[in-house]
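Hey, can you work out the whole structure from these sequences and the hints?
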Amino acid sequence: NAGVTQTPKFQVLKTGQSMTLQCAQDMNHEYMSWYRQDPGMGLRLIHYSVGAGITDQGEVPNGYNVSRSTTEDFPLRLLSAAPSQTSVYFCASRTGGGPGNQPQHFGDGTRLSIL
Amino acid sequence: DQQVKQNSPSLSVQEGRISILNCDYTNSMFDYFLWYKKYPAEGPTFLISISSIKDKNEDGRFTVFLNKSAKHLSLHIVPSQPGDSAVYFCAASVQGGSEKLVFGKGTKLTVNP
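Chains A and B are the protein sequences, given in the same order. Residues in the first sequence are numbered from -5 upward in steps of one, following the working numbering. Residues in the second sequence are numbered from 7 upward in steps of one, following the working numbering.
Keep in mind the hints are simulated off the structure, nothing from the lab. You can take every hint at face value.
Using 20 angstroms as the maximum straight-line C-alpha spacing, the simulated SDA-like pairs for lysine to any residue come out as follows:
1. B:K114 - A:G34
2. B:K106 - A:D32
3. B:K106 - A:D67
The structure presented is a predicted model; accordingly, all values stated were derived computationally and were not measured.
In structure tokens:
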């Protein structure tokens, strides 16, 4: 039972480089989200998706792109990495079915350092 | 401007006693509240939630209380166990859009044997 899988777990980039953080879930969840967590801070929403082909911005979207071509995958792209993007990135998913709200399930994170 | 505030960065309790973690919010549109537990180098794990139509929800040793008039919620853990030592995040969302969570900064709970 894999749940939400994030790769890589660690990454070091140089300023200006681009990269894609991968997120996959095997629970057939409609909703997926990306958050970042900075030291001493709570998680902040970057982008989210309510289904394949549908994405929207969260609180801190600048410098990031997302797409959702399949239900399972929700990659996060850093277009031109900046030191301010050094953070721990968490992907999450939840089902839209069932009674009331359903909680999000989180991956174990990608620790990204930008030099 | 923080919409969800956890004013205690840390809390230390003895094993077997009650742990009470507090959370305040400012956005009156929030109608769904959750608590997540996070161990180092892992993602947050869902613990318990409460809808704004309720004022209490229990799940085993964990109880969440919601006081809408005070815009305050609390998580009670009874009895506390050493394995409960973790960072606890309070989160809130609006109108059922719980993929758009707003998190507090977290409270680090240490349960001493």
